[in-house]
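*Asks:* Residue-level listing of the chains:
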Amino acid sequence: MFQTVTRKRIEILVDTPLAPRIIAKIKAVDISGWSLIHVDSGGGRAGEWQHDDVTGAAAKTIILAIASDTKANALVGELAPVLDSYRLLLTIGDVQVVRGERF
Amino acid sequence: MFQTVTRKRIEILVDTPLAPRIIAKIKAVDISGWSLIHVDSGGGRAGEWQHDDVTGAAAKTIILAIASDTKANALVGELAPVLDSYRLLLTIGDVQVVRGERF
Amino acid sequence: MFQTVTRKRIEILVDTPLAPRIIAKIKAVDISGWSLIHVDSGGGRAGEWQHDDVTGAAAKTIILAIASDTKANALVGELAPVLDSYRLLLTIGDVQVVRGERF
Amino acid sequence: MIIDTLTSPVILFFVLGFVAALLKSDLTIPEAFAKAMSIYLMAAIGLKGGVEVASSGITPDLIAAAMAGLALSFLLPFIAFALLTQFGKLSKIDAGAVAAHYGSVSVVTFVTAKEILTGQGLGPAGYMVAVLALMETPAIITGLMLARRGAKADNGNGGTPWHEVLTNASVMLLVGAFIIGMVAGKDGFAPVKPLFDTGFRGVLCLFLLDMGLIAARRLIQSRKITVRLVTLAIALPLINGAIGTALGTFIGLDAASAAALGILAASASYIAVPAAMRLALPEADPGIYLSMSLGITFPFNIIFGISLFAALAQAIG
Amino acid sequence: MIIDTLTSPVILFFVLGFVAALLKSDLTIPEAFAKAMSIYLMAAIGLKGGVEVASSGITPDLIAAAMAGLALSFLLPFIAFALLTQFGKLSKIDAGAVAAHYGSVSVVTFVTAKEILTGQGLGPAGYMVAVLALMETPAIITGLMLARRGAKADNGNGGTPWHEVLTNASVMLLVGAFIIGMVAGKDGFAPVKPLFDTGFRGVLCLFLLDMGLIAARRLIQSRKITVRLVTLAIALPLINGAIGTALGTFIGLDAASAAALGILAASASYIAVPAAMRLALPEADPGIYLSMSLGITFPFNIIFGISLFAALAQAIG
Amino acid sequence: MIIDTLTSPVILFFVLGFVAALLKSDLTIPEAFAKAMSIYLMAAIGLKGGVEVASSGITPDLIAAAMAGLALSFLLPFIAFALLTQFGKLSKIDAGAVAAHYGSVSVVTFVTAKEILTGQGLGPAGYMVAVLALMETPAIITGLMLARRGAKADNGNGGTPWHEVLTNASVMLLVGAFIIGMVAGKDGFAPVKPLFDTGFRGVLCLFLLDMGLIAARRLIQSRKITVRLVTLAIALPLINGAIGTALGTFIGLDAASAAALGILAASASYIAVPAAMRLALPEADPGIYLSMSLGITFPFNIIFGISLFAALAQAIG
Ligand SMILES: Nc1ncnc2c1ncn2[C@@H]1O[C@H](COP(=O)(O)O)[C@@H](O)[C@H]1O
Ligand SMILES: Nc1ncnc2c1ncn2[C@@H]1O[C@H](COP(=O)(O)O)[C@@H](O)[C@H]1O
Ligand SMILES: Nc1ncnc2c1ncn2[C@@H]1O[C@H](COP(=O)(O)O)[C@@H](O)[C@H]1O
Ligand code: NA
Ligand code: NA
Ligand code: NA
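Chains Y, V, X, H, Z and F, in that order, are what the protein sequence lines are. All the letters of the first sequence, read from the start, carry residue numbers 656 to 758 under our numbering. All the letters of the second sequence, read from the start, carry residue numbers 656 to 758 under our numbering. All the letters of the third sequence, read from the start, carry residue numbers 656 to 758 under our numbering. All the letters of the fourth sequence, read from the start, carry residue numbers -7 to 309 under our numbering. All the letters of the fifth sequence, read from the start, carry residue numbers -7 to 309 under our numbering. All the letters of the sixth sequence, read from the start, carry residue numbers -7 to 309 under our numbering.
I should point out that these hints are in silico values taken from the structure, not numbers from a laboratory. Being a predicted model, the structure only gives us computed values, none of them experimental. Among the clues, some could well be false.
[As the list claims (entries may be wrong)] Stretches of chain Z that chain F covers, calculated by requiring three or more beta carbons in the stretch to come under 8 Å of a beta carbon on chain F: (1) 81 to 87; (2) 187 to 193; (3) 265 to 276.
[What the hints assert, rightly or not] Under 8 Å between C-beta atoms, here's a sample of chain F residues computed to sit facing chain Y: (4) D179; (5) Q213; (6) S214; (7) R215.
Glycine included, each C-beta is placed from N, C-alpha and C at the ideal position.
With the rest of the complex left out, here is chain Y (with noise of 0.2 Å):
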């Protein structure tokens, strides 16, 4: 009837003025799109912090793409240099997609 396949669910929770810089590495390794949510406040060992607007470098977003194995991970060795600087909280899920020629 339908087929599912297992892609890729991966996640990226990153400062919002960095953002471009990912998409553009996601861009770079061929993943066919990505979603951006909104994130309003969190907590971590650096503090706890709440989206304001007003000063936007301290906005986060989550960055949700999915693709397959390859590309997937083809995006961590892009990522990886910058996760330590950039802060980055990455992490990578299994799911079923249907129509999954497209990722």
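Starting from the known structure of chain Y, fit chains V, X, H, Z and F with the ligands onto it as the hints suggest.
*Replies:* Coordinates of chains V, X, H, Z and F with the ligands only, in the frame set by chain Y:
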């Protein structure tokens, strides 16, 4: 102490104006609930977009629903005919939930 | 080149006014961080709702936390007594992370 | 008088919102804008009250009205609780939570009443804003006490969330703006008057448009409301409003201020109290208290209650 | 006249937004604020139109203009559809969807035109707001009909989404505020006038700043626009605007109102119609209709169209 | 004078926000509304500056002030950098990032100062808005240069993000609105004056309420601030402000404009520069620069700095 069971985490990225139609299908297959998350912007083969509330037609939303395997399958079946025309992005992952009898 | 390890991706849907209590429990089990995502609207057995900031009591938030298996279990233990009275939706999935020693 | 009320743009925008939601229109006001308007309205009402009190001084009337307001907020939940458990068939926990809402007040109902009454030459005294602020929290204490008398072990969540109640946003803003108004006085207020006074009614129109949408949507989407609860959501403002108006007249307030006290008593909170109840009584069902206070009592007061208690205050005054 | 237009802050803010987006500046207007402004503008324009009609009454001119507006909205999509399929090489589905946009109207184009024309002593009649509201939906019906004549089985999504079309937010708000304005009349409007009238032009500046950003970003990001479609996105407002202005003059409207009818005809919807098309014709590509109406026709009308049809109306009037 | 300042509603709302956040109240201003207000304030200040310069013309004073502003923005980071590395014990990267903030300016500090000073009959010249815009970016260049002299390989992220710096939102908006004001002139400004002028002070109140909340929350939540850094966050505005005021007086500006130059020098950026630093120096810790500029220097300037440099300018003027 507490019991976890495996359920499906369904994530559907859809144009906001079409969300009520997807929700109707979620109800039709008797999934117990859903939650909507706002997507700020994104990009894909059709170009890039930012959410702007002025012409809501370009907005996108993630519909999140937790459901049993059976119901998730039923939902995919319901969505199959519109997957292409609605340009849906549909992913299904496995999650552990407590109080699993609710789903 | 780079090392990934498996961690738990915990997603908790909670009424916004109660979020600080959940965050206190996250801190109590020593999870390293959390992020809050705004939920726009949803529906379940108690009816449908839209977020309105006027009476914030009806707003819902997703709390996202990445943690080790042990800490995730500890959190579920902490949350167990309030799962019902707080009407929490709690899901736990597996994800791969880089720099896993942080979680 | 009710005709005057019903042709005021302020009320008509509320009706427009209500009707649009009943017709299931996709009209929505962005929540950030709605919250911005509520912040503006609270800051403006607080400022203007403070400026008025700065020029009138602390009068015996002010003190009498404040004491009356406190008493009403503490005591009205007892009546509500009795009716909600007996007639309404609610559990003690749900009844206590609902009772707290009816003892407390709705800022928007007060603001709308003040505009409507002032437009009819019946403007309440400036100090009624202070009474409004005083009435927000006492009912929470009574409501929690009533709810817990019969409660089973509360899962360790319990305890009154004193800190959240006392620093809640609407109290901080109202009281803060009131003090700023008192400090700044008439001269200090002048440069900010264009925003906070001239534009006030127009903003109230747009805000009530949103409140109409929210109230009607809550009514439609609720699954928890019985005929008995609908009855109480109309009976309670009538009872509380009559008590408040009578008490205001009795302690010697002018008719306009007595009407305002009646409207405060009649109104039910849907901002500060729901947030407190969600914390202090998570087991109580928010579907019940929000549907009653926001879905029924609020529209009832806006459309009928304001005129009613104004007429009552003039009749017995 | 075009010089007057181009030194008006209203237009200059639009240009600023357009240029900022072309320079890929990170300037953005929060969407909640933009939507709030559009709600404000629609409520204000509706109210003011209603107040004017309340004092002028329902005149033969009003009725003639209303009939002309309805006719234009129903019929203009036929011309558009023919050009879009023949010259534009679009599929029937895409052409029908685009045609509906050009038959319908853009509220902001109308509002901007009204401000610019009024500033030049050429203010259109109050009832043109009613004509604006009437012109929003008929084109949707024609567009869907044209699209479906040649459509394959529509996957069972189809059917005209009547309910959504008739209760869509901008129609509800415009018509609702218009009725409120008629009920309230000049006296009832007075207390809310500071917000809805005095502040109007300033808000329009900030809103057009955002529209400039949105229009240019859509232009840049689009991948669906061919040279032929760009040509049509300029030709269609010229054709439709000329027809509208001529018709307005023919039925005896004053020059200002005839110009307004021309601008309504020239303008293309980017709020109500896209939402309806997404529902009724999900297979149609939103990239095409939004890029044409919002990315090209809207800026063209704001910068050139308004002056053009005003000049035409004066020339033939 | 400081008493006058401290009873102004504008400042009192800032204090209210600060206190509310220290009390951990849940009061928050929706971020979309806050950003909308900051866009409004920048558009208004730019417009008004442009209109003033349109009528005064480009005077030698304007040119002198512009040169002085540019020099300050380029050079002040050197002093800051020396103090931050020596006394503050920061790494070169962090010190360079912080220094850029102190060389650049805070729009809101300037706007607040302009309102307070104007209210005291000491309004700075219109062209100071142009100086404000000129001072935003040069410090970024100096800061980056200082940070990189001692930096290890910068992971390939590096390079000055020229494009982002030059097209950043606040520069675009200030400069754009300034030009619009110049083009429109006094007559063109008249129709939009009700929004951009009359309402200005009231909006500033609500915006400073939010800034009070943000500043205090950042102070509470920060874990990166040492006593030495707190000292510098107070010493730097004192030093820079004194230099700026003296320079302004030296080049012959009137007392009000010299005070304004002092306040610009004393203020630290928390919008344009943090965004640029996050891009150009991702390794620098945003916790440090935001806490210093926003958590300490900003409140210090609002409450003490404005009165201080005004008094200094009058004393040495
Ligand atoms: N691989 C992907 N991962 C995440 N989001 C995607 C992906 N592909 C597409 N999207 C989202 O879906 C939208 C439409 O995609 P497309 O139809 O490819 O233009 C994009 O603008 C993104 O928001
Ligand atoms: N199966 C589900 N999947 C996703 N979200 C859900 C689900 N069930 C409930 N929710 C969310 O939780 C809220 C409360 O659910 P309920 O307690 O069932 O009314 C709903 O309004 C939804 O936002
Ligand atoms: N374990 C985690 N789970 C979810 N979000 C996290 C986690 N750790 C950090 N974050 C997010 O990342 C931000 C920066 O983290 P940190 O660098 O640890 O201060 C936090 O404020 C959170 O928003
Ligand atoms: Na009450
Ligand atoms: Na048209
Ligand atoms: Na400075």
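*Asks:* Hint by hint, say whether it matches the structure.
*Replies:* For each hint, the structure was consulted:
| no. | hint | verdict |
| --- | --- | --- |
| 1 | 81 to 87 | violated (count 0) |
| 2 | 187 to 193 | holds (count 3) |
| 3 | 265 to 276 | violated (count 0) |
| 4 | D179 | violated (34 Å) |
| 5 | Q213 | holds (5 Å) |
| 6 | S214 | holds (6 Å) |
| 7 | R215 | holds (4 Å) |
Violated hints, in rising order: 1, 3, 4; the structure is consistent with all others.
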